[in-house]
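Number of protein chains: 2
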Amino acid sequence: MTTTLAAPSLKEALADVAEDIDRRLDGLLAVPGDPRRDLYEAMRHAAIGGGKRLRPLLVYATARLFGVDRDCAGRVGVAIECIHVYSLIHDDLPAMDDDDMRRGKPTVHKAYSEATAILAGDSLHALAFEVLADVDTHPDPFVRAELVLDLARAAGPAGMAGGQMMDLEAEKTTFDLPTITRLQALKTGALIASAVEMGAILGKLSPEGRTPLRGYARDIGLAFQIADDLLDIEGDEAAVGKALRKDGDAGKETFVSLLGLERAREQARLLVDQAIAHLSHYGPEADLLREIARFILERDR
Amino acid sequence: MTTTLAAPSLKEALADVAEDIDRRLDGLLAVPGDPRRDLYEAMRHAAIGGGKRLRPLLVYATARLFGVDRDCAGRVGVAIECIHVYSLIHDDLPAMDDDDMRRGKPTVHKAYSEATAILAGDSLHALAFEVLADVDTHPDPFVRAELVLDLARAAGPAGMAGGQMMDLEAEKTTFDLPTITRLQALKTGALIASAVEMGAILGKLSPEGRTPLRGYARDIGLAFQIADDLLDIEGDEAAVGKALRKDGDAGKETFVSLLGLERAREQARLLVDQAIAHLSHYGPEADLLREIARFILERDR
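Chains A and B, in that order, give the protein sequences.
In terms of UniProt numbering, the first sequence opens at residue 1 and continues consecutively.
In terms of UniProt numbering, the second sequence opens at residue 1 and continues consecutively.
Treat the hints as calculated values from the structure; they're not laboratory data.
Which copy is meant is left open, because identical chains are indistinguishable; a pair holds if it fits in one copy or across any two.
List of simulated lysine-lysine pairs, DSBU-like, C-alpha gap at most 35 Å:
#	residue 1	residue 2
1	LYS105	LYS52
2	LYS242	LYS52
3	LYS110	LYS252
4	LYS172	LYS110
5	LYS246	LYS110
6	LYS252	LYS105
Let the sequences and hints guide you as you build the complete structure.
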């Protein structure tokens, strides 16, 4: 079936979005000829040339349902990727997860210094909101303000940062399945949901009209985390590009430790089917979102 | 002279703004009954009940020139204070300035943990933009988007975070006076300028009409930093509530080390006079801004 609405293949879209995000980051993070050089180099080290760019892909795939301008979606994509990368930089710090490798490269505090890593994360954090609030992202200020509000909520203490705090507590206490589900809904789910939500905001979809997309985002967010837990146990460190099997060593409960391997795999499959079912009243224009949901189960890094 | 435009005294305004900011933070940072408790407690520890609230006061004093609703200015004030407090939390970390005391209390990483301090800073950072983008801050989405854009620029790598990076480099290299001036313009000047600019944005002042206020903000920002350097040398640690004389020990150049005590004092006085001169076409409604400029020289903490 070929219509103008037909979605590009996942492989094409992944490659396109990765190239687009790298090009935009390269422009945003031009290294200045002053003593801030290392700060920008550190941001580039962490942000450019790596990662699956899942969140920008979700913005793009959702926005295209509504015929949104490709450039708007690209700018929103780069903003959410800045938030994601900042969270990885801070998460890898010695006081947090203390990781030496990320995306197959030394982490920022290893390649530069801890202080530079803290500031590079903080800089990417602010940059995300600067990009969203800029008139170049969308001509309608209401859309810009809504984008900022959604991403700030998803990043803050009621979203990602709150989930990371729960994750720290998980090393000290034994959490049950509902608490682990809530932890992951905040830690990784909030940002994935924001990617889809911001695509819908760009499409000027009414809040009521967003319900199926929100269901989709919630289900793939949870499936993504279960897949991550499975990868942590079954994955190959070289392919994944970071240290694995740290949760078990730290005595942290995960979906896999609580459900067992087989039931966790089953649960992830179920969530992906459910996510796709939420898209039932969309036609082939939503095929990319469907493919993304399936891809989440198959990822090996 | 008593007109409805007459400014409140500085003393009254300082007390009012301090109370208003504490009340707003208390509402924003209600502690949840879940494993994020420590995150919120840490944010409250750092943010509530301390500091001069100079940046919110500048928002308020500028906004009232244009008859802006008190509540709008208060919400913008709490947003910029969240950014200021987040920067203090991260700045105090062992990998940065490694400070044990702040505002007369243990720093967040001392009272809680380094990981909690990183996340508390990150949370306040996101919260600032959430507050600005919320419809409760201003009914006009254009104003909300402009506020976010201005504060994000001031906080990011071309503002405060960039200045902090230069400050780290200052320990390794000897900076000259123009470089120190640029460092301070970014590190502390950018946020002070943003406070005044956001007041003008709330007042819907045209960008051209903002020139005198920008001159005022630039001059008091620099005067503030010189006063800070003087306080670092002449101040009393108990009154200031943090460790002093660290710049000299670290071999960092400051305005005082480069100009000498007497010329630095003279320069700060000159800047304050110049800041006040920028306000010449405002009447008594700008008296509070004038008083703030003078206050900057007199502060003892």
